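> Taking the hints as your guide, dock the two standalone chains into a single complex.
Single-letter residue listing:
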Amino acid sequence: MAGRAYIAGAFEHPGRRLPDFSPAQLHADVALGALADAGLTLADVDGLLSTPDAPGLGVITLADYLGLDRLSYTDTTESGGSAYIAHVGHAAMAIEAGLCSVVLITMAGKVSSGVPMPSGYQDAPELSFEIPFGTSIVPEYALAARRHMYEFGTTSEQLAEVKVAASTHAQHNPNAVLRKVVTVEQVLDSPLVADPLHKLDCCINTDGGGALVVVSEDVARSLDRHCVAIRGHATAIKGSYGGRIDLTYTAAAQSGPRAYDMAGVGPADIDYVGLYDSFTITVLEQIEDLGFCEKGKGGLFVESGALRSPDGQLPTNSDGGGLCNNHPAARGGMPKLVEAVRQLRGEATPQVQVRDCRTALVNGIGGSIGTRMGSGTVILSREAV
Amino acid sequence: MTEERALPAPAPVVSPHSAAFWEASAQERFLVGHCPGCDQWFWPPNRTFCPRCGKAASLRDASGTGTIYSYTTVRVNGSIALGGGPYKDAVPFVLAYVELAEGPTVMTNIVGADPDVVAVGLPVRVEFSRTGGPEDPALPRFRLV
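Chains as they are written, first to last, in our numbering: chain A, 1 to 385; chain B, 1 to 145.
Excised from the complex, chain B in its bound form (with noise of 0.2 angstroms):
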C-alpha cells in the first residue's frame, strides 16, 4: 500500500452539552456515554440525562474497540447540506457505523485501510485524528486490527 493518506479532519463545533467529550478526546481518552440507572451506554456523548430512562447520566471510559456495522466508500463528495467543504477533495474517503464493545453505533471514518479490503463484521480499534482548532479535540476514527 502506498503511503497512508491523512483525511481532514476538521474541527466540532464544540458546544456546553458535548465539551466534556471532546475535552477528553484532546487526551486521546474515548467516552462514551453511560447511565448508572440502568447501566446501558449510549452515543452520541452529547446529554447529560440517560436517552433510554431520562435518569442522570454521565460519560465513561469506553474499550474503544468494536466492529464494522456499515461503510461505503465515498467517491463523489456531492454535499448539498453540510459538511462537504473540507471533504472535497478527500475522495475517496470511508465514511462507517461501527459497533461498539460496549454497545452502542457511532458514525466515523475507517483510516488507514483500502477500501476494497473494508467489510462489515471486521474489527477494529479508535484512535484520535486531532483537528488543530482550540483545545485541539481529536476525531474518533477507527483503524482494522
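In isolation and in its complexed conformation, chain A is listed as follows (with noise of 0.2 angstroms):
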C-alpha cells in the first residue's frame, strides 16, 4: 500500500447523558477533541465524513457548522453503527489517493433523537413482510441466537459471559454507565426481552460521540502525537438472498477475511479486538466470523474467558463497550475505534492494557444480523511512522 494512512486523533466524549447539548455541539465538541489530541486545528482538515443521521444536511451543515472552508473530499457511507469504520477505510483511501491530507470523521447523537432511519427507509420494500408480524431488533438477534443455539449447542450462560467480560472491563472505566461487575447468574436472573436474550444480553443506549483524525503519512511524519497505522480495511453487505435466511454467521465473515488480506496478517496475529457488541450473540458471530475460533465453537471460546483484558486469548472491548460503557445514539463503532487507538498507543485504562499491543482489528454490525446488515473491517496497527 503506497502513502499509507494513520490515525493521529482520537476521542471519545466523556459524557453519556447530555440533555443541555445539541448534536450539532456534541459533533463539534468531538471534532475539536479529535483535532487537539492530534496536535492540528480545523483549518488544517480537507477531508470530512460524517452519517447522514448529522444534523441538517449531513456533512454540508456539519462542514458550515465547523467552518471547514477547504473541503476536498466528503463522504456519507451509512452502514448503522459500523458506518465509522467504514469511514476510516474511506479516508485511507482518499488519502492514498492524493485528494486530501487530514479527513476528520464525526460521530455524535442522544438518545432522544431515537434510533435514526435513513431517509427512504419507509419505503423499504420487505417492511410489509416483516413489520406486520412485530418484529424489532432485539427479537431479531434473538432468531440469530436461538439458531446458534440449535446448531451448535451454544447457552446462554455462554453469552453472558460477554456481558461479564464487558462489566470486568467497565469497572475500570470512570465514564462508564454500567460499572458494576456481573456474574452469568445475574444475567441469566435478569428479565428475557426476547427469549434467549436478557435485559444484561442487550447493549446500553446512551449520548455521546466520538471523533476521529486521519491523516496522511507525510502529515504523521510532522506530528508529535502517536499515529496507529491503517493496515487493512473492508466492507461487506449480507442479505436475506431471496429468503436464504441463515442466521450463524455476519458480513464480519466477507468483510473480515478482505481485511487481513489486505493487511497481511492474520487472526493469530491480532492483540486486541473491538468488536460491535449490540447484544451478546453479535460479539460470538463477530468472533468466528474473524477467524478468531472455528465456526459454532464461539460458545466454548468466550467461556474460556477469552475476552477478558489483558490476558484473555483475545482482549475484547476493554473499554467496556457497548454492554457497559456507552452506545451513542445507538451507533457503537466510534467508541470501538477509539479504544483500539488507545491500546495500540498504550494509554488505555491500565487494569485493561494488552502488553505489547501491536495489531488491533475493529469490526462493526450495522443493521440487522436477523435480516439484513453492512460489516466494517479495520486492522491498525502501533508502528511508528
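Honestly, I wouldn't trust all of these hints.
Computed list of lysine-lysine pairs in DSS-like fashion (alpha-carbon distance at most 27 angstroms, straight line) [unchecked claim]: (1) K110(A) - K199(A); (2) K180(A) - K295(A); (3) K199(A) - K295(A); (4) K55(B) - K199(A); (5) K199(A) - K180(A); (6) K88(B) - K110(A).
Example chain A residues on the side facing chain B (calculated, C-beta under 7 angstroms, incomplete) [claimed, not checked]: (7) L32; (8) G134; (9) P139; (10) R146; (11) S190; (12) I245; (13) Y249; (14) A253; (15) R355.
By construction, these hints were calculated from the structure, which means they are not laboratory data.
For clarity, every value in this text was computed on a predicted model and none was experimentally measured.
All C-beta atoms in this analysis are idealised placements derived from N, C-alpha and C, irrespective of residue type, glycine included.
Take a look at the structure:
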C-alpha cells in the first residue's frame, strides 16, 4: 500500500447523558477533541466524513457549522453503527489517492433523537413482509441466538460471559454507565426480553459521540502524537438473499478476510479486538466470522475467559463496550475505534491495557443480523511512521 | 390450553411491488416468488424480477407447509424502531422464521401454541389472519401441525 494513512487523533465524548447539548454541539466538541489530540486545528482539515443522521444536511451542515472552507473530500457512507469503521477505510483510500491529507470523522447523537432511520426507510420493499409480524431489533437478534444454539449447542451461560467480560472491563472506566461487575447468574436472572436474550444480553443506549483524525504519511511525520497505521480495511453487506436465511454468521465473514488480506496478517496476529456488541450474540458470531475460533465454537471460546483484558486470549472491548460503557445514538462503531487507538498507543486504562499491543482489529455490524446488515473491518497497527 | 388469544393483525403497507401478494392473501392464497428461468423460489414476493438471475419472475401458489427455522418469544415489547405499536399489549408472542417446503425462509408468527412447546424443526402450516384494512389483506402465519 503506497502512502499509508494513519489515525493521528481520537476522542470520545466523556458524557453519557447530555440533555444540555445539541447534536451539532456534540459533533463540534468531538471534532475539536480529536484535532487537539492530534495536534491539529480546524484549519488543517480537508476531508470530512460522517453519517446522514448528522444534523441538517449531514456533512454540508457540519462543514458549515465547523467553518471548514477547504474540504476536498467528503463522504456520508451509511451502514448504521458500523459506518465509522467504513469511514476509516474510505478516509485511507482518499488519502492514498491524494485527494486530501487531514480527514475528520465525526459521530455524535442522543438517545432522545431515537434510532434514526435513513430517509426512504419507510419505502423499504421488505417492510410489509416483516413489520406486521411485530418484529423489532431485539427479537431479530434473538432469532439468530436461538439458531446458533440449535446448530452448535451454544448456551445462555456462554452468551452471558460476553457481558461478564465487558463488565469486568467497565469497572475500570470512570465514564462507563454500568461499572458494576456482573456474574453469569445475574445475566441469566435478568428479565427475558426476547428469549433467549435477557436484558443484560442487550447493549445500553446513551448520548455522546466520538471523532477520529486520519492523516497522510507526510502529515503523520510532522506530528508529535503517536499515529497508528491503517493496515487493512473492508466492508461487506449480507442480505436475506431471496429467503436463503442463515442466521449463524454475519457480514464480517466477508469483510474480515478481505481486511486480513490487505493487511497481510491473520487472526493469530491480532492482540486486541473491538467488536460490535449490540447484543452478546453479535460478539459471539463475529469472533467466529473473523477466524478467532472455528464456526460454532464461539461459546466454548468465550467461556474460557478469552475476552478478558489484558490476559485473555483475545482481549475485547476493554472500555466495557456497548454492553456497559456507552452506545451513543445506537451507533457503537466509533467508541470501538477510539479504544483500539488507546490500546495501540498504550493509553488504555492500566488495569486493561494489553501488554505489547501491536495489532488491533475493529469490526462493526450495522443493521440487523436477523435480516440484513453491513459490516466494516479495520486492522490497525502501532508501528511508528 | 386456555382459549387462544388473537394476535394483533396490523394491515401491511401495500405497495405496487407487493400488491399481487396481498390481493391473493385476501383469498387465503399463499403466493411465493418463483423464477421460471432458474426454477427457484424466493421471498419476500415483492419484486417482478428474480433476485438471483434477474429474469422476469412471477408469483406462484406455494404449499403453505414448512418447518420452524428459528423462533423467539417476545416478552417485552421495547421496539424502538418501527412496528412495535400494535403489539404493545400482545406480549408474549412468538416471532419466527419458517423454512418453506419450497425453500425460502419467511418471517412470521407461530400461533395457537404455548411458547414452551415451540421448537426449531417442528412442521407448520400456513393460515391467514385478516387485517380488516382496505382490500382486507391477510397475514400469513403458521400453526404447528
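> Evaluate each hint against the coordinates.
Each hint, compared with the structure:
no.: 1; hint: K110(A) - K199(A); verdict: holds, 21 angstroms
no.: 2; hint: K180(A) - K295(A); verdict: violated, 31 angstroms
no.: 3; hint: K199(A) - K295(A); verdict: holds, 26 angstroms
no.: 4; hint: K55(B) - K199(A); verdict: violated, 45 angstroms
no.: 5; hint: K199(A) - K180(A); verdict: holds, 15 angstroms
no.: 6; hint: K88(B) - K110(A); verdict: holds, 24 angstroms
no.: 7; hint: L32; verdict: violated, 30 angstroms
no.: 8; hint: G134; verdict: holds, 4 angstroms
no.: 9; hint: P139; verdict: holds, 5 angstroms
no.: 10; hint: R146; verdict: holds, 5 angstroms
no.: 11; hint: S190; verdict: violated, 11 angstroms
no.: 12; hint: I245; verdict: holds, 4 angstroms
no.: 13; hint: Y249; verdict: violated, 14 angstroms
no.: 14; hint: A253; verdict: violated, 18 angstroms
no.: 15; hint: R355; verdict: violated, 39 angstroms
In terms of the numbered hints stated before, the structure departs from hints 2, 4, 7, 11, 13, 14 and 15, listed from lowest to highest.
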